[in-house]
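Undergrad: Just so you know, the protein sequences line up as chains A and B, in that order.
All letters in the first sequence, in the order written, are residues 1 to 406 by our numbering.
All letters in the second sequence, in the order written, are residues 407 to 812 by our numbering.
No lab work stands behind these hints, which were simulated from the structure alone.
Careful, some of the hints might be misleading.
Said to hold, decoys possible - Simulated crosslink set (PhoX-like; lysine-lysine; CA at most 20 Å straight-line):
1) B/K762 - A/K57
2) A/K356 - B/K463
3) A/K33 - A/K57
Said to hold, decoys possible - Here are some of the chain A residues that sit facing chain B, going by a computed Cβ distance under 7 Å:
4) L6
5) Q55
6) C86
7) G322
8) K330
9) V398
10) N401
What the hints assert, rightly or not - Rough simulated footprint, nothing fancy, chain B against chain A, three-plus residues with beta-carbon under 8 Å:
11) 65 to 71
12) 116 to 122
13) 291 to 304
14) 308 to 316
For each residue, glycine too, the CB sits at the ideal point set by N, CA and C.
Spelled out from the first residue to the last, the chains are:
Protein chains: 2
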Amino acid sequence: MASGDLEWLDGGVTAVPGILAGGIVAGIKPSGKKDLALIYSSTPARAAAVFTSNQVKGAPVLVSTEHVRSGQAQAIVASSGCANVCTGERGIQDAREMTRLVGELLRIPANHVLIASTGVIGVPLPMDKIRAALPKLAKSLSPQGGRAAAEAILTTDTRIKEAALRVEVGGRPVTIGGIAKGVAMLEPHLATMFCFVATDAVVARGALSPAVRRAVDRSFNRTTIDSDQSTSDTVAVLANGLAENTPLESGARGLRQFAGGLEALMTKLARLLVADGEGATKLVTIAVRGATSRRDALLAARSVANSPLVKTAINGQDPNWGRIMMALGKSPARVEQEKVSIAVGDERLVERGMLKEGVRLERVREIMGESEYDITIDLGLGRGEERVWTCDLSEEYVRLNAKYTT
Amino acid sequence: MASGDLEWLDGGVTAVPGILAGGIVAGIKPSGKKDLALIYSSTPARAAAVFTSNQVKGAPVLVSTEHVRSGQAQAIVASSGCANVCTGERGIQDAREMTRLVGELLRIPANHVLIASTGVIGVPLPMDKIRAALPKLAKSLSPQGGRAAAEAILTTDTRIKEAALRVEVGGRPVTIGGIAKGVAMLEPHLATMFCFVATDAVVARGALSPAVRRAVDRSFNRTTIDSDQSTSDTVAVLANGLAENTPLESGARGLRQFAGGLEALMTKLARLLVADGEGATKLVTIAVRGATSRRDALLAARSVANSPLVKTAINGQDPNWGRIMMALGKSPARVEQEKVSIAVGDERLVERGMLKEGVRLERVREIMGESEYDITIDLGLGRGEERVWTCDLSEEYVRLNAKYTT
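Work out the full structure, taking the sequences as your base and the hints as a guide.
TA: See below:
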């Protein structure tokens, strides 16, 4: 393996040495599916996390924010079916109690346990069921338990999301593995979205958190399903150091290699989230270049990626480029209509703001029939580039959300 | 009629003395429905207009912007079925030619004709058909033609929208009447939205335009159907002065009375637009109070009004208040979750950011079953108030837009 190269591995978070996980049925979900997950590092780990920027935050987010401040953690407990959001003082007490009980079972301090919950807002956690289930959850921990944990954090997801890779840092291979969930309320700065990552890399104090923030910004913060933003989003990373590499220090080449691996892993998980967006049938990359700045490129890409009319056209496999022009024009990014060109896949559709002469619309429709493709927009103004992943807006999305109480 | 009081009248734009209108089939729409409309003031009129703020603008918007600059106009020609947007130099020439031909038929200067087109983007107007139809359109003008004109500007609208009222200004009654269209790409600053208003009021030079801008801001710019914004939006007002009132000068009481009437008329038309939103089954007023500023109140109201998850919950008649909390929290407005209260109709649902004890959820569901209701949010922080009208997001909206090429 060449230095800095990635090698994808099977499995997810438990592909990492020293990481155990488990997932069980606690009875929180009325469906009777798995709803309680635990990830455990057998040795103390460096920890960093990023949470929702929504001003309304769930109790687990508040408690985890406090616990991660020390930069150390050894376990992550997560429940699905009830978000424990807008539940007042009682919600905070419930979240604290869960971390305390997990800490006692694993013989670690409560503040080395991170917590995350997803599901319905405004309903208290069924603590009796959770108290009864936690000992069983701790017993379920195993080096093969990543998949069960990935399953236990799902809500309306249709598929589990896990990924793992090996990357050489400073001449030594380290493993990074993770699981994720999230299919709606998903936009920019995280939303009903969890991503739990573990790595055996030795990362110096102060170096993990910036690497995590950057990877999140380049992966999850470039996705959108419906422009809504959850109150519970959590990305947490545990680094247990079992790879015994030279500690990754800020500014060192090894840290850049590690950060590249982290970004690749999170990008893979982020794309899995969008592809499994509620009711989604397509994963579309909106790539913008030629913007006056990178910020403008991102604003333009987001405006297209979030437009309900663009998203319904993607659903209908309709090469309705006028809606893309409309979405560009309404964005705060600088746009001059007569300089815009647009390609779908490898077929140029729009030139100088107008339908390209001789465009093969049949070819465009064919590309739009695929489950993954790119829409590339050149604003013709400068050198700013960005890309965002989006999905279509389908009748199924509306059906799911008109009936499901989140 | 007491001074400043409004009296609603039957009819629309031709309820105003001296205003003729007509609408015919020119063959632009494949459906064979009416698609060409004309409004004509038999005497020269003061004119003011507001156009889309989208950076991508249709050719008719560019031409009308130029023509309205003189503050005088006598006719408005509008077509539906083809928006004449992203059509390059040819589109501009076509729009200019239409105003020239209408001017010749009505014996008025071309630059006293305003033009507006709505429909598919990126396709040139079928000018042969339009040239052939214009003489017939001019002949169709009549004092009863407002309804035909209202019909000829529709696209996916299911109902015509017209309104008229009489208001006393400075002791003299004046009439204001208008027609409107628009059912998608509809958000803040206007979108595939036309509103053509006529009045017999005498308005002083320089006084009409600010009154129109303010009325648009308080009516159409407070609506949202899908957060998308068209490239063709046009609100145009003709004031022909036949009421022979004392000229309405800036700052005068009469102008405030007139502006009140204009705002009432535009508000009625704006609500008709939202109620007929594509696939919409509900017209919901999102009222926010207790914000730290009026601007914050508007930001919070818009965030709730545009949230796909709130809009699908409205569609499903689901009292899913957690989504309202989420949408408030993601808005740029200052929000403290433990100070928020929310009422649906007259039933208080949320207090201090949590479900209110003893709330009658059955009563909330009953209110949400009605076709019009209010959601009132108190942020508990200050005195800022605003309101926005929105509709639900339905499977029908997706069905319409996945298949219809706009």
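Undergrad: Does each hint hold? Answer for all of them.
TA: Structure-based check of each hint:
For the proposed pair B/K762 and A/K57, the alpha carbon gap of about 19 Å is at most 20 Å, so the pair holds. For the hint pairing A/K356 with B/K463, the CA-to-CA distance comes to about 19 Å; that is within 20 Å, so the pair holds. Under the criterion of a C-alpha separation no larger than 20 Å, the hint pairing A/K33 with A/K57 is inconsistent with the structure, at around 26 Å. At about 34 Å, the closest approach between the beta carbon of A/L6 and any beta carbon in chain B exceeds 7 Å, and the interface hint on this residue is violated.
Below 7 Å, beta-carbon pairs count as interface contacts, and A/Q55 has one with chain B at about 4 Å; its hint therefore holds. For A/C86, the interface hint holds, the least distance from its beta-carbon to any beta-carbon of chain B being 5 Å, beneath 7 Å. The beta carbon of A/G322 is positioned within 7 Å of a beta carbon in chain B (closest approach about 3 Å), and the interface hint is therefore held. For A/K330, the interface hint holds, since its Cβ comes within 7 Å of a Cβ in chain B; the closest pair sits about 4 Å apart.
The criterion of a C-beta within 7 Å of any C-beta in chain B is met by A/V398, whose closest approach is roughly 5 Å, and the hint holds. Satisfaction of the interface hint for A/N401 is found here, the shortest Cβ-Cβ separation to chain B being roughly 4 Å, below the 7 Å cut-off. Check result for the stretch 65 to 71 of chain A against chain B: violated, 0 residues qualifying (beta carbon to beta carbon below 8 Å, three or more required). Here the stretch 116 to 122 of chain A counts 3 residues with a CB under 8 Å from a CB of chain B, which clears the bar of 3, and the coverage holds.
Under a criterion of three residues with beta carbons nearer than 8 Å to beta carbons of chain B, the stated coverage of the stretch 291 to 304 of chain A fails, only 0 such residues being counted. Using a Cβ-Cβ cut-off of 8 Å, 6 residues of the stretch 308 to 316 of chain A lie near chain B, which meets the minimum of three, so the contact claim holds.
This entry does not satisfy hints 3, 4, 11 and 13, going by the numbered hints stated previously.
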